[in-house]
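Peer 1: Fit chains B, C, D, E and F to the known structure of chain A by using the hints.
Residue numbers (UniProt numbering), protein chains in the order written: chain A, 1 to 340; chain B, 1 to 340; chain C, 1 to 340; chain D, 1 to 340; chain E, 1 to 340; chain F, 1 to 340.
Keep in mind the hints are simulated off the structure, nothing from the lab. Ideal placement from N, C-alpha and C gives every residue a C-beta, glycine not left out. Errors might be hidden in some of the hints.
[Claimed, not checked] Calculated pairs, BS3-like style, for lysine-lysine (alpha carbon to alpha carbon, straight line, at most 30 Å):
#1 K252/C <-> K101/A
#2 K58/B <-> K3/D
#3 K236/B <-> K158/B
#4 K153/D <-> K328/B
#5 K252/B <-> K267/A
#6 K58/E <-> K101/A
#7 K252/C <-> K252/B
[Stated by the list, open to error] Between beta-carbon pairs, the in silico distance windows are:
#8 K236/B <-> G82/D: 38 to 44 Å
#9 K158/F <-> D142/A: 49 to 55 Å
#10 G82/D <-> E117/B: 45 to 51 Å
Listed below, chain by chain, are the residues.
Number of protein chains: 6
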Amino acid sequence: MSKVVTFGEIMLRLAPEGYYRFVQADTYGATYGGGEANVSVSLANFGLDSKFVTKLPKHEIGQAGVNSLRKFGVDTSDIVRGGSRVGIYFLEKGASQRPSKVIYDRAGSSIAEAVKEDFDWDKIFEGADWFHFTGITPALGDNVAEICLEAVKKAKEKGITVSCDLNYRNKLWSKEKAGQVMGELCKYVDVCIANEEDAGDVFGIKAANTDVTSGQVNHEGYKDVAKQLADRFGFKKVAITLRTSISANDNKWAAMLYDGTDFYFSKNYLMHIVDRVGGGDSFGAGLIYSCLQNMEPQQIIEFAVAASCLKHSIEGDFNMVTVDEVSKLAGGDASGRVQR
Amino acid sequence: MSKVVTFGEIMLRLAPEGYYRFVQADTYGATYGGGEANVSVSLANFGLDSKFVTKLPKHEIGQAGVNSLRKFGVDTSDIVRGGSRVGIYFLEKGASQRPSKVIYDRAGSSIAEAVKEDFDWDKIFEGADWFHFTGITPALGDNVAEICLEAVKKAKEKGITVSCDLNYRNKLWSKEKAGQVMGELCKYVDVCIANEEDAGDVFGIKAANTDVTSGQVNHEGYKDVAKQLADRFGFKKVAITLRTSISANDNKWAAMLYDGTDFYFSKNYLMHIVDRVGGGDSFGAGLIYSCLQNMEPQQIIEFAVAASCLKHSIEGDFNMVTVDEVSKLAGGDASGRVQR
Amino acid sequence: MSKVVTFGEIMLRLAPEGYYRFVQADTYGATYGGGEANVSVSLANFGLDSKFVTKLPKHEIGQAGVNSLRKFGVDTSDIVRGGSRVGIYFLEKGASQRPSKVIYDRAGSSIAEAVKEDFDWDKIFEGADWFHFTGITPALGDNVAEICLEAVKKAKEKGITVSCDLNYRNKLWSKEKAGQVMGELCKYVDVCIANEEDAGDVFGIKAANTDVTSGQVNHEGYKDVAKQLADRFGFKKVAITLRTSISANDNKWAAMLYDGTDFYFSKNYLMHIVDRVGGGDSFGAGLIYSCLQNMEPQQIIEFAVAASCLKHSIEGDFNMVTVDEVSKLAGGDASGRVQR
Amino acid sequence: MSKVVTFGEIMLRLAPEGYYRFVQADTYGATYGGGEANVSVSLANFGLDSKFVTKLPKHEIGQAGVNSLRKFGVDTSDIVRGGSRVGIYFLEKGASQRPSKVIYDRAGSSIAEAVKEDFDWDKIFEGADWFHFTGITPALGDNVAEICLEAVKKAKEKGITVSCDLNYRNKLWSKEKAGQVMGELCKYVDVCIANEEDAGDVFGIKAANTDVTSGQVNHEGYKDVAKQLADRFGFKKVAITLRTSISANDNKWAAMLYDGTDFYFSKNYLMHIVDRVGGGDSFGAGLIYSCLQNMEPQQIIEFAVAASCLKHSIEGDFNMVTVDEVSKLAGGDASGRVQR
Amino acid sequence: MSKVVTFGEIMLRLAPEGYYRFVQADTYGATYGGGEANVSVSLANFGLDSKFVTKLPKHEIGQAGVNSLRKFGVDTSDIVRGGSRVGIYFLEKGASQRPSKVIYDRAGSSIAEAVKEDFDWDKIFEGADWFHFTGITPALGDNVAEICLEAVKKAKEKGITVSCDLNYRNKLWSKEKAGQVMGELCKYVDVCIANEEDAGDVFGIKAANTDVTSGQVNHEGYKDVAKQLADRFGFKKVAITLRTSISANDNKWAAMLYDGTDFYFSKNYLMHIVDRVGGGDSFGAGLIYSCLQNMEPQQIIEFAVAASCLKHSIEGDFNMVTVDEVSKLAGGDASGRVQR
Amino acid sequence: MSKVVTFGEIMLRLAPEGYYRFVQADTYGATYGGGEANVSVSLANFGLDSKFVTKLPKHEIGQAGVNSLRKFGVDTSDIVRGGSRVGIYFLEKGASQRPSKVIYDRAGSSIAEAVKEDFDWDKIFEGADWFHFTGITPALGDNVAEICLEAVKKAKEKGITVSCDLNYRNKLWSKEKAGQVMGELCKYVDVCIANEEDAGDVFGIKAANTDVTSGQVNHEGYKDVAKQLADRFGFKKVAITLRTSISANDNKWAAMLYDGTDFYFSKNYLMHIVDRVGGGDSFGAGLIYSCLQNMEPQQIIEFAVAASCLKHSIEGDFNMVTVDEVSKLAGGDASGRVQR
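Extracted from the complex, chain A is given alone in its bound form:
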């Protein structure tokens, strides 16, 4: 059983029920999520040995974050306990022409204030095959970026495959800062994951002639982006997700994989969305799993897209699907017929 380590922040997610707006809510659904934590849960659900590393306060709100991961079998034994708060994000689910809205309240979280001494990467990486992080983590602060750098260097040393989802967040840092920090980290990355806009935001690498709000996707442009990324950083694989937003309820979803030689485009799914948060993370998890299973490139991208397509039908950040369920969809049965 392959072992994957991820590192990042897990936040308390507070979301009004159904389609209520923030100003209408007097209860919040309370779950946990975060880019790397979402990958860890998804991998645990696929049956891998999956460890998530972060720092969380000792109090019960921190404990509930740990529990949310343990529940699905994630190894939480290297989560450091301390610091003063759990990062929070408020999520209002959009509908039709009304977009979803996210309000972050994550400054001062335990992980954002963590120091290098908190983490012993030699111990953390024992027996690990793969290390994954996203661009959100180094954006939490210079201290965290340093921890990331130490982690990827250590992973490289140990021959652990490193993947990174660029995941640019403009509320956390500027494009310039992102480009500089991520540029350094990407030197140690083997597999790069990005959405339609990340490469442009972080590294100024853009797909020509594509307008993400127009519903048009430009295949040639994305090939070009992937090739530039691979050329600049020496990535062995680059995967780019391609979302077309028809409305807050309906999106198209596909992806492309570049393995340094060829380009592989997945099927394109029309999705009725239950919850789109974590869509990209579930793609990352699907990609890591299928790579670790040594699938063929076309299978890899189909598995990753099918996994994340299913995520969009599931409430919460975490992707609660099994390998069988993903394989069935990737294999072509998208009819949604009831299983008795």
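Peer 2: Chains B, C, D, E and F only, in chain A's frame:
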């Protein structure tokens, strides 16, 4: 007022709220349902004198099953109380590419352990015009199949019309066993109801060139199936429902009626699904009602399909619609405009 | 900051959760709403000084109605307290082919039994720029119609712009009575708002060749209706909303503005509906706001339609959107992409 | 199996969840209840043939009222359908020093507007052994008082035992009016039920030296009240409930029975209250049941008090207890130990 | 109508439903509260002109805080909008021997980062009769303590009565720091409110021989504390609340008022607690109201204690009671009998 | 860190919300619990290395059972997956004089049908210090009793301390059968736990002169019972819990420990009950923990009783308390004062 008797199992249905998966649920909606019970409630909602016969334990979980039927005016006076458990089914509602999932926990239920002596069909059938059962009931066990046989024979004796929905369930019995038992029971059946696959599963009678997952329906093939069924068992009427699954949220729904002479196809509805369970049962109820009202064949099939189309917009197994509502839709107003 | 006064009834709205039918409900969501109250809340959310005038009982159910308005900043200082009950309406949300259903229980409400002496329009209109009411209010009784007449006369005297949404309700009065009373009131109205059917129901002015259940909208016909309305009553502006009902879940939504010279048609939105109640009222609020901002006619109609398009994605009668949100949609971004 | 008929109003009860105040509620639990309906449900739960007679509108809110009774096996076949509204009462549950609060909104209900021709008492009373009503019903209006009078006369004629719970409601009528109307009706009553204050409010018959807010109950005083009542109207039995309110959560509960000869006092229970509404009605049902079972006087009063003691532990107006459960408590086991 | 201004923090309160522990919760009730905001809402519910001053972010979570106050009629026109976050507190309700638990997450809130320039006290105090704050507000930071000092000085200048609830929070500052800052502020205070421990924690003034966990209250000791406080700071009135904690569900509640001459002890209530948070604040509001109404000292303390006794029966921080309800309890009716 | 293994059944617990009766419920809270699983979770919450062993089906309802344990850190790696169903119990919470009610539906569960080959006790017991089971497990069937016997023998061999909670369930087996099977198993037990009635039910050993429904507890009698148990089976320790049921809401709770020499009685707590299920199990966990910490006998019994006292304030079967919380209560602070 016509009087209809149905016989079968009513189960406790436990379903996570909304689109939550089983592993996310910490509350279950608790309702009751089952093939024949669903028909009985629907008929009571249409204003008929509707009786449901089964066996349920004496305890409160059994009582709640009785109450769920009484609430809608079903005559429960011939429900036998005893045995040890209520059958249960767990339902997870699918969305988009993720199919709904059903987990049965029905072994050992009171009705599955019932004996012939539990039921006095002479008394039960007093004043009855119609008797309905489905292929699920005899599948519960040889004892229950025997009770069914006794019931249909007695119904025949008394000149009561008998209808049967083939309703094949592969978790309950093999195709071979089903073919053998249902073949015997069908000798006493006047009106046969089936979905696209039942005739093939139970009797090996298949519509040529149709793939239920492809979204393609083959009219000629279904005509052939209906004719073969009628020819083999002497059914006076055969009705076949035609579902096309676009996604877990969107289905097309239509049906065909064969009256031994002609074939009548209904309108085809594109449905946004609220709850698809009980869809077929609501069709059966619509068919029984419209036959008892002596509607014309085209009206019969339009009424039955409209009734079950509306069912898909209603939570739970039971179809909560009035004759007026069905007639309005069958009559052509499918716009869903608000009624003030 | 412009100041707008509206006058009418605010009712307790009792609605089963989700898509449950009335006979399945054992809890009701309890919110408040009513044609003019909905306009007032929407205007307060747009940042205007917005006052709502009505009569409500002194008890807590009346108080909760006041609170529901204060919460969003509506000025409730001229709401008269007294009388015996709050009007109620029961709302069952439709889905797919099943229409929504409204049951009114509003007879005998405090406002329906109000007398002229209850309201001091000189005081109420202090500093006001605009007065709005709908055809529902005078339909509550001759006493209320008289109060309306007094209000519009006083508004006219003071140079306050008067708008009226015809809003015909056949459960409240006959077409004949409506035509007579509204005909008198419309003499004092500057801006007239109507849906596809109101002009015909109230004044017998119909758009030729249009069938509201067919999904077909006839542009020329509506031009003709608007022109006839303006000619008969001297309205400075006439706005007509154009709804096409595909199903209870999916509607198209657009509108037309006539400024006495030209006709301006808005974009046509395809909406997945969360809650369609208050759709017309949110259009009225959008229109009043954009007129008060002195927008150009095409901008006015786009703002009003975008505002009400967003309303359909929001639970409850009230439109909870900001000017920024409406402007963004009116400006062309209808993709519903998440905002982080 | 004895058959009992009751006649009165069933209202929609809207209550905020838990201990929320009206001004905090945005959902209401929606159940049904009313003095006589509560008795009917309780008797059906005891296994009697129990019929409830009223008038309810044809719409779904009326239908849901019918269903709420059918669910528990009450015979609703003589409920007249028509009129315009269902009476409503809003209930806010008190706690500690804060009392529960009831807001009635029942004017204009179908039963309050019913006419004599609506009810065919010969048909209604077929096979009946007992007729029960409360002082609330004639208080709904002179028309309803007349219907009551017709009913009790007819019952008398047919030798049906008549019971009446005085149940004085000062929001419905004055003490003078109540005394006059109830005085006439009581001539036909065999069994009179009252609480500590009813006899004083309706007939001016008071227990000396008792202050209901003080927690003191005066046994001798109640004996005197019962005797006066029996003497004045010729009641065969008079039962008086004795509630001591310690706080909104804690009450003491006992009762006294006078059979024309002797006085029987029940045990006195200290109750933690879940829901006190319907407490008196459940006492009435217990009394009717135990009388019909020909229990001894002491057993009668113990059964009635135990039944209503249990009611206080149950949500809603209806008493959901079996004869076994009541007998167990009446027999002395009040420990509340879990039953596995 | 008297006008009262309060100044402080309003936090988002997140509390698991019922008695669930934090680690069991997956929904949080989301309300708002804070020492001074609670006083403001209570005073608005008493019918006073009540203004709350704070700083809240511009986003929807901040807006919802404003709305929570407007809903009950609090004047929010001087709330400054800006800064980055709303303070949060997590509340787990205790039961029996298990205490309630509060986890604060308030660092970095908009008010905690506010500057003197944010508030224009001349404008804020226009027409004001009373200014109230608590010891929590200056504890938020030196900047906020300075703002408080400016406010009390300005109030003094304008002849506005100033009250202060000492409200010591050991998670916000040390006893030494509290003593120093509060000592300075108290020079401008007219009415001082404290619980059993505050005077000791902040100023080292202790009631001899009292152990708050023992259930014993020492009247003489509290007299001494009040006198020392008044003597040291020149308070015109000192009020001390006296809580005896029997269990998390049951507390005794009383208070003492010292007017510089005499000591007045209130009745002592035994309370079944629904929600104890805001108990002290509701006492403060009762005290301010009764002082402004010029009640007699004994009436003042009875009114304040009765108001806060009722608060313990109400969910949330805010006291939702009217003057009538408080007066009824203060007047002696503590039976909690239902009000129909 | 000590390691404790428990073995038994974990069931799906379905309970109506709040105090609703079964016949009123249309949602069930869905949690998991069972005698030994409850002990395992409690021990994990105390920070021990805690493993639970059982058999559960492969489907999602079985998986959710596993997840419910993992969430709190229980080691589930030796749970065998297979078989056909999860045992279920329905729980209706009692109030006041109305007792709680449990309906079991556990026949045919995976663990009840397990075979000896399913469990490899050598592997399971690796590194274990303590093994715990209850009398429920062998009662599931002769096959399970045999597995228990194998386990206790293996534990004995390995020098692992064995504890057993007698936990007699009369719905699972007769007293005779229980006595015989438990008599054999008890030979291998070191620490015996029982409630007031178990010793009598299983072994015919009774405390003289004690009536569990009377509220009287007889200290001398329990001493005698403990001594007889220890004498007959050679137990090193015997602990007996002493519950006095005042009502379904209020119980007294204490316990006694016999260490072969002396008798230690704990404090006696008066508890307001939130959820009494699992009370005994939480006592067992407290006892195991305090024994493993080598506490003194009086401390052991105080810790165990305080732990289980707190359990009664927590929803669900599992005891969610930390060592600190238990120690605080055991140390004497039972005031339930809020912790800020």
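Peer 1: Find the hints from earlier in the document that the structure breaks and name them by number, from lowest to highest.
Peer 2: Of the numbered hints given earlier, the structure breaks just one, which is hint 4.
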